[in-house]
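Trainee: My request is simple: use the sequences and hints to build the entire structure.
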Amino acid sequence: KTQVEQSPQSLVVRQGENCVLQCNYSVTPDNHLRWFKQDTGKGLVSLTVLVDQKDKTSNGRYSATLDKDAKHSTLHITATLLDDTATYICVVGDRGSALGRLHFGAGTQLIVIP
Amino acid sequence: DMKVTQMPRYLIKRMGENVLLECGQDMSHETMYWYRQDPGLGLQLIYISYDVDSNSEGDIPKGYRVSRKKREHFSLILDSAKTNQTSVYFCASSAGTGGAVWAEQFFGPGTRLTVL
Chain A
999 KTQVEQSPQS
1009 LVVRQGENCV
1019 LQCNYSVTPD
1029 NHLRWFKQDT
1039 GKGLVSLTVL
1049 VDQKDKTSNG
1059 RYSATLDKDA
1069 KHSTLHITAT
1079 LLDDTATYIC
1089 VVGDRGSALG
1099 RLHFGAGTQL
1109 IVIP
Chain B
1359 DMKVTQMPRY
1369 LIKRMGENVL
1379 LECGQDMSHE
1389 TMYWYRQDPG
1399 LGLQLIYISY
1409 DVDSNSEGDI
1419 PKGYRVSRKK
1429 REHFSLILDS
1439 AKTNQTSVYF
1449 CASSAGTGGA
1459 VWAEQFFGPG
1469 TRLTVL
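Residue numbers (the working numbering), protein chains in the order written: chain A, 999 to 1112; chain B, 1359 to 1474.
Any given hint might turn out to be false.
Keeping only pairs whose Cα atoms sit at most 20 Å apart, straight-line, the calculated SDA-like set for lysine to any residue is [to be verified]:
no., chain 1, residue 1, chain 2, residue 2
1, A, K1035, B, K1420
2, A, K1040, B, P1366
3, A, K1035, B, P1397
4, B, K1361, A, L1045
5, A, K1040, B, E1380
6, A, K1040, B, D1396
7, A, K1035, B, E1462
8, A, K999, B, T1472
9, A, K1054, A, D1037
10, A, K1069, A, Q1007
11, B, K1361, A, K1054
12, A, K1040, B, L1369
13, A, K1040, B, I1370
14, A, K1066, B, Q1402
15, A, K999, B, K1371
16, B, K1420, B, I1435
17, A, K1035, B, T1472
18, A, K1035, B, D1396
19, B, K1361, A, V1010
20, A, K1035, B, G1398
21, A, K1069, B, L1369
22, A, K1040, B, K1420
23, A, K999, B, G1398
24, B, K1361, A, T1038
25, B, K1371, B, G1416
26, A, K999, B, E1462
27, A, K1040, B, K1440
28, B, K1420, A, R1099
29, A, K1040, B, P1419
30, A, K1035, B, V1410
31, A, K1035, B, Q1402
32, A, K1040, B, T1472
33, A, K1035, B, K1371
Please keep in mind that the hints were generated in silico from the structure rather than gathered at the bench.
Mentor: Here it is, written out as structure tokens:
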């Protein structure tokens, strides 16, 4: 059973618009949540990591929230650029130790058009 | 320069042939991973290596084996490839192990393997 669900599956926005990507999960325990960006044909690159029960982070035009009570995270991209076209992957770590495992979502494919 | 490299980037093999995928990293990370990525699915862990000659099965190890003789190199081997092993394979490395928040994984660019 998929433990990390991302929505929407795909999204098309015009350059300059804002967008929000969603991540819901059932992983327990939920130690931390990381958002990755995957350009087409490339590997995953970390954007941000959230750790606290209710957490917020900001990294340039990317900002993210985490609510562990709701097991829900959002990734906001402000003033999108063509280079934001990519797949965004939500990953939940279930422990803060060597015994921990990562649980990957299938990703949201974002396409930014001129 | 912190980097994970993978070779080859693209590979086409016939069913039953042997496949060798290579991964290298220049960060002296102890832990390395092999994943596969299929459409509509999250990355699935095939094998994890905690250091030289210290390897453990991940979630989908069947049909695969690994080799780690040097800390900076980690190989994935498919003996007698099957068509359902057609996928994109990613290697990653981290300074720590498991799912610790501080053990961020750095990913290679992937190898697209097609088994005919």
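Trainee: A separate judgement is required for each hint: does it hold in the structure or not?
Mentor: Here's how the hints hold up against the structure:
1. Using a Cα cut-off of 20 Å, the hinted pair K1035/A and K1420/B is violated, with the two alpha carbons roughly 29 Å apart.
2. With a C-alpha separation of about 13 Å, the suggested pair K1040/A and P1366/B falls inside the 20 Å cut-off, and the hint holds.
3. Restraint check for K1035/A and P1397/B: satisfied, since their Cα atoms lie roughly 16 Å apart, inside the 20 Å limit.
4. Between the alpha carbons of K1361/B and L1045/A the distance comes to roughly 17 Å, so the proposed pair stays at or under 20 Å and holds.
5. Pair hint K1040/A plus E1380/B holds up; C-alpha atoms about 16 Å apart against a cutoff of 20 Å.
6. Using a Cα cut-off of 20 Å, the hinted pair K1040/A and D1396/B holds, with the two alpha carbons roughly 14 Å apart.
7. Under the criterion of a C-alpha separation no larger than 20 Å, the hint pairing K1035/A with E1462/B is consistent with the structure, at around 14 Å.
8. Between K999/A and T1472/B, the direct Cα distance comes to roughly 27 Å. Violation of the 20 Å bound is thereby established for this hinted pair.
9. Distance hint between K1054/A and D1037/A is unfulfilled; the C-alpha atoms sit about 24 Å from each other, more than 20 Å.
10. Between K1069/A and Q1007/A the alpha-carbon distance is near 19 Å, which keeps this suggested pair within the 20 Å criterion.
11. The suggested pairing of K1361/B with K1054/A is violated, with an alpha-carbon distance near 29 Å, which exceeds 20 Å.
12. For the hint pairing K1040/A with L1369/B, the CA-to-CA distance comes to about 16 Å; that is within 20 Å, so the pair holds.
13. Restraint check: the Cα-Cα separation between K1040/A and I1370/B comes to about 19 Å, which is no more than 20 Å; the hinted pair holds.
14. Note on K1066/A and Q1402/B: the hinted pairing is violated, with a Cα-Cα distance of about 24 Å set against a maximum of 20 Å.
15. Proximity of K999/A to K1371/B is assessed by CA-CA distance (about 31 Å); at most 20 Å being required, the pair is judged violated.
16. Between K1420/B and I1435/B, the direct Cα distance comes to roughly 11 Å. Compliance with the 20 Å bound is thereby established for this hinted pair.
17. As the CA atoms of K1035/A and T1472/B are separated by approximately 24 Å, the hinted pair breaks the 20 Å bound.
18. Of the supplied pair hints, the one linking K1035/A and D1396/B holds, its CA atoms being roughly 17 Å apart against a limit of 20 Å.
19. About 31 Å separates the Cα atoms of K1361/B and V1010/A, which puts this hinted pair outside 20 Å; it is violated.
20. For the suggested pair K1035/A and G1398/B, the alpha carbons sit about 16 Å apart, so the restraint of at most 20 Å is met.
21. For the suggested pair K1069/A and L1369/B, the alpha carbons sit about 39 Å apart, so the restraint of at most 20 Å is broken.
22. Among the hinted pairs, K1040/A with K1420/B is inconsistent with the structure: their alpha-carbon atoms are about 26 Å apart, more than 20 Å.
23. Between K999/A and G1398/B the CA atoms are separated by roughly 13 Å; this keeps the pair inside 20 Å, and the hint holds.
24. Taking the CA atoms of K1361/B and T1038/A, the gap is near 18 Å; set against the 20 Å cutoff, the hint holds.
25. The straight-line distance between the Cα atoms of K1371/B and G1416/B is roughly 24 Å, outside the 20 Å bound, and the hint therefore fails.
26. Taking the CA atoms of K999/A and E1462/B, the gap is about 25 Å. The hint is violated against a cut of 20 Å.
27. Restraint check for K1040/A and K1440/B: not satisfied, since their Cα atoms lie roughly 24 Å apart, outside the 20 Å limit.
28. The straight-line distance between the Cα atoms of K1420/B and R1099/A is roughly 19 Å, inside the 20 Å bound, and the hint therefore holds.
29. For a cut-off of 20 Å, the pair hint linking K1040/A to P1419/B is broken: about 23 Å separates their Cα positions.
30. Of the pairs offered as hints, the one joining K1035/A and V1410/B is violated, with about 30 Å between alpha carbons and a cut-off of 20 Å exceeded.
31. Distance hint between K1035/A and Q1402/B is fulfilled; the C-alpha atoms sit about 17 Å from each other, no more than 20 Å.
32. The hinted pair formed by K1040/A and T1472/B meets the criterion: a straight-line CA distance of about 17 Å does not exceed 20 Å.
33. The suggested pairing of K1035/A with K1371/B is violated, with an alpha-carbon distance near 29 Å, which exceeds 20 Å.
Checked against the numbered hints listed earlier, the structure breaks hints 1, 8, 9, 11, 14, 15, 17, 19, 21, 22, 25, 26, 27, 29, 30, 33; every other hint is satisfied.
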